[in-house]
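K.L.:
Sequence:
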Amino acid sequence: MRWRLTPDRFLALWTATGLDEIPFPLRYRSTALWEDEHAANLEAAHRWRRTNPDERLTAAIATMRYAEVAVEVYGQFSEGSELRLRGCIRHDSAVLARQDPGRAGDLVVTATAAHTLAEAVVQCLPGAPPGTAPALSAPTAEVAEFARPTQVLRTAQAPPAVRLRRLLTDPRSGTGSVRVLCSPDGLNFTPVTDLGWFDVAGDGRYLFRTGHHTHVCPATPELLRDELAYAVDEAREKRGRVGAAGLRWVHG
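At position 105 of the sequence shown the residue is numbered 105 (the working numbering), and the sequence of numbers has no breaks.
Possibly wrong hints are sitting among the right ones.
Said to hold, decoys possible - Here are the simulated distance ranges between beta carbons:
no. : residue 1 : residue 2 : range
1   : W34       : A144      : 48 to 56 Å
2   : E37       : N188      : 34 to 42 Å
3   : P159      : T132      : 16 to 24 Å
4   : Y66       : A141      : 39 to 47 Å
5   : P53       : P129      : 17 to 25 Å
6   : G240      : P139      : 32 to 40 Å
7   : A158      : H38       : 54 to 62 Å
Bear in mind the hints are in silico, worked out from the structure with no lab data behind them.
All of these numbers come straight from a predicted model, not from anything done at the bench.
Cβ coordinates follow ideal geometry from the N, Cα and C atoms, glycine included.
Kindly produce the complete structure, drawing on both the sequences and the hints.
P.N.:
Given below as structure tokens:
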């Protein structure tokens, strides 16, 4: 099932769960120019919610509110557009909320299954070919060292940290981040995995992950889907292993 909601209607559904703030990276922006118009729009949205009950939509919003696992996706592209997605899993159900670009974009809420969420997220990314550079990995500290302007970056025999730094600083046409989290109650979330992608202008898309080492590799849609699916499974396993009561003591 899929629903297209104005920001006011989404806010009305969300506040009915007892929460006030729309979850990141979704955002609420009113289309009204004046305060009285804004109040009237919100009242109309709450009236719509009361007079048009939809059990499946209510269940989808509940999945978001009481999410056991969440996927936060935010991207920016050279033409000025943004990508805002929030995926949520509760038991075996999943919901993906995608916000249209613009100041007060509509929200498209899609109900799906937990095992298909990664595929649904990747399908929302703008198309791009995989990058042509080979996969690279180097200690993050070494990559940072070669940020100094005195370093020579253009030798064909440069070490991986130099080549990786050069790739990371090439002009981009798009970039984005993916964070996978788990929660005991849909309120307090613990990050489990951070991934990112970037599109090099005139080349293609790369997946990257940072920690003690920085890893970068050409990104096909299949690779992005598989990496995200693995991260989601890891978050679900962690949430299930420690249980609702103990999750707050688990870090990253």
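K.L.:
All the hints need checking, so say for each whether the structure fits it.
P.N.:
Outcome of the hint check:
The hinted range of 48 to 56 Å is satisfied by W34 and A144, whose Cβ atoms lie roughly 49 Å apart. Between E37 and N188 the Cβ separation comes to about 36 Å, which falls inside the hinted range of 34 to 42 Å. Here the CB-CB span from P159 to T132 is close to 20 Å, well matched to the stated 16 to 24 Å. Taking the beta carbon of each, Y66 and A141 are about 40 Å apart, inside 39 to 47 Å as hinted.
At roughly 46 Å, the beta-carbon separation of P53 and P129 lies outside the given 17 to 25 Å, and the hint is violated. Hint check: G240 to P139, Cβ distance near 33 Å, so the stated range 32 to 40 Å holds. Take A158 and H38: their Cβ atoms lie about 56 Å apart, and the range 54 to 62 Å holds.
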